[in-house]
Amino acid sequence: MLRSGAQPAGGRAAGAARVGGGGTPSGGGTRPAPAGVPSPGRPRTAALHPGAWWLWAIGLGVAATRTTNPLLLALLVAVSAYVVLARRPHTPWSRSYGAFVKLALAVLVVRLLFTAVLGSPVPGTQVIVTLPEVPLPDWAQGIRLGGRVTAEGLAFALYDAMKLATLLICVGAANALASPSRLLKSLPGALYETGVAVVVALTFAPSLIADGRRLRAARRLRGRPDKGVRGLLQVGLPVLEGALERSVALAAAMDARGYGRTASVPAAVRRTTAALTLGGLLGVCAGTYGVLTAEGATYGIPVLVAGLAAALAGLWLGGRRSLRTRYRPDRWGARAWLVTASGAAVAALLFLAAARDPAALHPGVVPLVAPTLPLWPAAAVLIGLLPAFVTPAPEQPAKEPS
Amino acid sequence: MIRFEDVCVTYDGAPEPTVRGVDFEVPEGELVLLVGPSGVGKSTVLGAVSGLVPHFTGGTLSGRVVVAGRDTRTHKPRELADVVGTVGQDPLSHFVTDTVEDELAYGMESLGLPPDVMRRRVEETLDLLGLSGLRDRPIATLSGGQQQRVAIGSVLTPHPEVLVLDEPTSALDPAAAEEVLAVLQRLVHDLGTTVLMAEHRLERVIQYADQVVLLPSPGARPVVGSPADVMAVSPVYPPVVDLGRLAGWSPLPLTIRDARRRAAPLRERLDERDPAPGPAPSDAGAKPTSGGAKPTGAGADPTGAGAKPTSAGAKPAGDGAEPAGAGADPTSAGAKPTSAGAKPTGAGARDAAVASAAAVAPSGVLVPTPATAARRPGASLLRRLLGKAPGAGTTAAADPASPYAAEVRSLAVRRGRVQALRRVDLTVSPGETVALMGRNGAGKSTLLSALVGLVEPATGSVRAGDAVPHRTAPRDLVRRVGLVPQEPRDLLYADTVAAECAAADRDAEAAPGTCRALLTELLPGVSDGIHPRDLSEGQRLTLALAVVLTARPPLMLLDEPTRGLDYAAKARLVGILRGLAADGHAIVLATHDVELAAELAHRVVLLAEGEVIADGPTADVAVASPSFAPQVAKILAPRKWLTVAQVREALA
Numbered sequence: 001m002l003r004s005g006a007q008p009a010g011g012r013a014a015g016a017a018r019v020g021g022g023g024t025p026s027g028g029g030t031r032p033a034p035a036g037v038p039s040p041g042r043p044r045t046a047a048l049h050p051g052a053w054w055l056w057a058i059g060l061g062v063a064a065t066r067t068t069n070p071l072l073l074a075l076l077v078a079v080s081a082y083v084v085l086a087r088r089p090h091t092p093w094s095r096s097y098g099a100f101v102k103l104a105l106a107v108l109v110v111r112l113l114f115t116a117v118l119g120s121p122v123p124g125t126q127v128i129v130t131l132p133e134v135p136l137p138d139w140a141q142g143i144r145l146g147g148r149v150t151a152e153g154l155a156f157a158l159y160d161a162m163k164l165a166t167l168l169i170c171v172g173a174a175n176a177l178a179s180p181s182r183l184l185k186s187l188p189g190a191l192y193e194t195g196v197a198v199v200v201a202l203t204f205a206p207s208l209i210a211d212g213r214r215l216r217a218a219r220r221l222r223g224r225p226d227k228g229v230r231g232l233l234q235v236g237l238p239v240l241e242g243a244l245e246r247s248v249a250l251a252a253a254m255d256a257r258g259y260g261r262t263a264s265v266p267a268a269v270r271r272t273t274a275a276l277t278l279g280g281l282l283g284v285c286a287g288t289y290g291v292l293t294a295e296g297a298t299y300g301i302p303v304l305v306a307g308l309a310a311a312l313a314g315l316w317l318g319g320r321r322s323l324r325t326r327y328r329p330d331r332w333g334a335r336a337w338l339v340t341a342s343g344a345a346v347a348a349l350l351f352l353a354a355a356r357d358p359a360a361l362h363p364g365v366v367p368l369v370a371p372t373l374p375l376w377p378a379a380a381v382l383i384g385l386l387p388a389f390v391t392p393a394p395e396q397p398a399k400e401p402s
Numbered sequence: 001m002i003r004f005e006d007v008c009v010t011y012d013g014a015p016e017p018t019v020r021g022v023d024f025e026v027p028e029g030e031l032v033l034l035v036g037p038s039g040v041g042k043s044t045v046l047g048a049v050s051g052l053v054p055h056f057t058g059g060t061l062s063g064r065v066v067v068a069g070r071d072t073r074t075h076k077p078r079e080l081a082d083v084v085g086t087v088g089q090d091p092l093s094h095f096v097t098d099t100v101e102d103e104l105a106y107g108m109e110s111l112g113l114p115p116d117v118m119r120r121r122v123e124e125t126l127d128l129l130g131l132s133g134l135r136d137r138p139i140a141t142l143s144g145g146q147q148q149r150v151a152i153g154s155v156l157t158p159h160p161e162v163l164v165l166d167e168p169t170s171a172l173d174p175a176a177a178e179e180v181l182a183v184l185q186r187l188v189h190d191l192g193t194t195v196l197m198a199e200h201r202l203e204r205v206i207q208y209a210d211q212v213v214l215l216p217s218p219g220a221r222p223v224v225g226s227p228a229d230v231m232a233v234s235p236v237y238p239p240v241v242d243l244g245r246l247a248g249w250s251p252l253p254l255t256i257r258d259a260r261r262r263a264a265p266l267r268e269r270l271d272e273r274d275p276a277p278g279p280a281p282s283d284a285g286a287k288p289t290s291g292g293a294k295p296t297g298a299g300a301d302p303t304g305a306g307a308k309p310t311s312a313g314a315k316p317a318g319d320g321a322e323p324a325g326a327g328a329d330p331t332s333a334g335a336k337p338t339s340a341g342a343k344p345t346g347a348g349a350r351d352a353a354v355a356s357a358a359a360v361a362p363s364g365v366l367v368p369t370p371a372t373a374a375r376r377p378g379a380s381l382l383r384r385l386l387g388k389a390p391g392a393g394t395t396a397a398a399d400p401a402s403p404y405a406a407e408v409r410s411l412a413v414r415r416g417r418v419q420a421l422r423r424v425d426l427t428v429s430p431g432e433t434v435a436l437m438g439r440n441g442a443g444k445s446t447l448l449s450a451l452v453g454l455v456e457p458a459t460g461s462v463r464a465g466d467a468v469p470h471r472t473a474p475r476d477l478v479r480r481v482g483l484v485p486q487e488p489r490d491l492l493y494a495d496t497v498a499a500e501c502a503a504a505d506r507d508a509e510a511a512p513g514t515c516r517a518l519l520t521e522l523l524p525g526v527s528d529g530i531h532p533r534d535l536s537e538g539q540r541l542t543l544a545l546a547v548v549l550t551a552r553p554p555l556m557l558l559d560e561p562t563r564g565l566d567y568a569a570k571a572r573l574v575g576i577l578r579g580l581a582a583d584g585h586a587i588v589l590a591t592h593d594v595e596l597a598a599e600l601a602h603r604v605v606l607l608a609e610g611e612v613i614a615d616g617p618t619a620d621v622a623v624a625s626p627s628f629a630p631q632v633a634k635i636l637a638p639r640k641w642l643t644v645a646q647v648r649e650a651l652a
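First to last, the protein sequences are chains R and B. In this text, residue positions in the first sequence follow this note's numbering: the first is 1, and each later residue adds one. In this text, residue positions in the second sequence follow this note's numbering: the first is 1, and each later residue adds one.
Treat each hint with caution, since some may be false.
[Claimed, not checked] Some chain B residues close to chain R (C-beta under 10 Å, calculated; not the full set):
hint	residue
1	Asp6
2	Leu92
3	Pro216
[Said to hold, decoys possible] Stretches of chain B that chain R covers, calculated by requiring three or more beta carbons in the stretch to come under 8 Å of a beta carbon on chain R:
hint	stretch
4	103-109
5	451-459
None of these hints come from the bench; they were simulated from the model. None of these values were measured; they are calculated from a predicted model. Ideal placement from N, C-alpha and C gives every residue a C-beta, glycine not left out.
Extracted from the complex, chain R is given alone in its bound form (with noise of 0.2 Å):
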């Protein structure tokens, strides 16, 4: 700790101890490396492709799709939170995982009470309670306000809001199993800079947040009242200009930093990306068109494939223009095939098991019976728990300090 006292006179001395050749133009060369043998190569934090946790997370989510039964669903839920808690790494985003279960309660929550007070169209017989019923006019014909609920209809209401809840933590899951970030970063070379540019605004929107919380902070130091709707108007324009400056500086932080190099291609391939993509894109239009009309049956498909094939031969060509090199992508293995296969494997077989035997799957509730758990289905709903074993565990943060 005494180096500031005992600093030696380095500074003026540099002239005799300066390394020539530093550095050719080129920046290919090498410097002499410096004291230090390389890490080992060990595998990254994160070392299965974010891709892979989607994937898994959208089987999940396929499959809640195709059931409404209570005890599937928390089964699926239940899944997928062993799953989190057993490999998210320990990273901001990963926290994110909390706000989509409460989002998802929240939703529970409005939907029984929407069904309570606007009454179900499930018809019913068994009532729980009746509320006092508000009389509309007539033109509200078909509307109901209060009135009795009833056991059936809040069962429906419960058994349908809890595969949109479902969905809702799947996805949450895979938020927090892989940053959104590190999955736009496996696109395709001429859409990176754009996937930089997303992922810059998706920071963009936490330091808005940040900086709000700070401003209404400092209220309370001019002796304003921190809370309430005025409050946040009044902070509003400051945190939108201290985030315009922040946005200016990272662009010049990114312009200066190499961002949007381009490599010079000669213009005849220049053309025809343009024409590539913008042919495939129309393409892809006319195909769709084709497709959903009755008339295009006969040529939908094909020109929807010509399209689509030629936007993407378009957008390969578009990535000669771009220099960018990618730093130690992530590895599509095993691991990620088989995380991959254990979310498509919930699926199919979910599919499977409503086609074959959709009484189990969806319990009825006229006349009202208690969901039973159809074993087969809930055995291929636990093939979801496979990553929590194939996958390496996150490692212990270091300490952080505080």
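For chain R, the structure is supplied; the task is to place chain B on it using the hints.
Coordinates of chain B only, in the frame set by chain R:
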């Protein structure tokens, strides 16, 4: 490596060029320091190297800037990215990705380097900067020093030949700053990197520089030379240079080591004398007086801005009975003005060439004779405005129920999962100035926030005067405690200075015009219509200070007040704060600036990991810790001299 050829930059809409006649060359492998007061265009010169000026900022650049053989007129910033690495003032606005490793690779990805080269350089850079333990960490969770190192690392990986740094250590604690500077020195010595750096805290960086480029004033031609030569004429200089000038050493020493070698005779001379009693709370009146040793007549001050601390600092001297710090002895305080009055005989004895420089002396508070102060109507106005602070001065001293302006007992605060403070005890008496020091993230800001009620204590108690901050309505709290946050702009909402002042009067329920009068007193010459954003850092800080002072809180808190301030603005701030302390305001500063603490604080409280690890008089705590010792203390150790002003007074 970098060649400026008669460069002149004029921003759009500006009547005058921001910089003019910039003509110098930075040879390969040198570390060149760009110095000068605030607002002389240092950032503009740095931006011209990376091509951001004028390609990104707009404006007109005449002349030529050539970097590694490339003319910035024909090369855009992105085309210079492989030869110039730029790190701006705020590392956070520099980061594009979210983890350390990706950030280090980002620049190389943009340049299209092959993956195996990228991998090797990332590993090398992680080792070079001591970041290998942090490679997977999200950047947002790093400390300030770590972030600054990542920012430097992220521009190093493409192996630029030129590194451009704008205030790389201003936001860092002394230890983290040394960390960053050690890295820079290693780059220059081992890798032959050319470094061009601007920095206000010269005491940290001057010894590393091979050459200094001084921009003496806005639009003036730069002075280029060896550090010792430039420091001899520079209006901004670190305390070691100030001491060297005082002692007449030639060539001027730039490092503590050089200065210590020459300081033996000075130490002997000083051995017979005691350091002027440090700014002890019982001697509040003595403080401005020691500042009065600065032999600069008020008339010698050409800037007018510099004149302001004058009156603020003088007030207590001319008002011996008032600075009733706990147990202040009116007779001893009253005795000071005479000694102060004796000083100005030395005025004008100073080297004429330095006369204008002296106005912005790093350590000096410009204090005129009491007679001068009395003649200034503003001084009495300020006294009227501030003197009757509730709980300040004699009122507080007479009230045995609350002897402290701030009282913290076994305070613990949690922030998320982090225990930000644990078992902290702190008391601050009226008229006392306390400096909170410690590394980034040690809990200084949290402690200030607790004192102003922004965070709730988990256990323990906090009292500001007679109020419990987090349970008091903001409207009432402003009259008990005021905080100037790290970013003073957070406090300012209005479009004009006048509107800001009017709002401050309403918020504080003060008589209309109170804030404006305070501001005029603290910062003469700020027009009503100007937008707070267009003020300089120092002016904005003063405006925020005036806004907070409008409510006359007996307890003033300042979070990192000297960030981005040059020596002149700092000297002004010191004058203002001394005046406030002498008026009975208790002041708590959280700061990394050891020189500021030495100038101002009666007591230093060191925090580490949320705990108080040292609490004592500035002289004792500062001298005991190499990181937190001011330069003068290091040079004159083991005697407890802290500031050049003390030495100057003792020798006078």
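For each hint, the structure was consulted:
Look at Asp6 of chain B: its Cβ only gets to about 24 Å from chain R, farther than 10 Å, so that hint breaks. Taking 10 Å as the C-beta cut-off, the interface hint given for Leu92 of chain B holds, the closest approach to chain R being about 8 Å. Taken as an interface hint, Pro216 of chain B does not check out: its beta carbon lies about 22 Å from the nearest beta carbon of chain R, beyond 10 Å. By the rule of at least three residues with a Cβ nearer than 8 Å to a Cβ of chain R, the coverage given for the stretch 103-109 of chain B holds, with 5 such residues.
Counting residues of the stretch 451-459 of chain B whose beta carbon lies closer than 8 Å to any beta carbon of chain R gives 3, which meets the minimum of three for the stated coverage.
Violated hints, in rising order: 1 and 3; the structure is consistent with all others.
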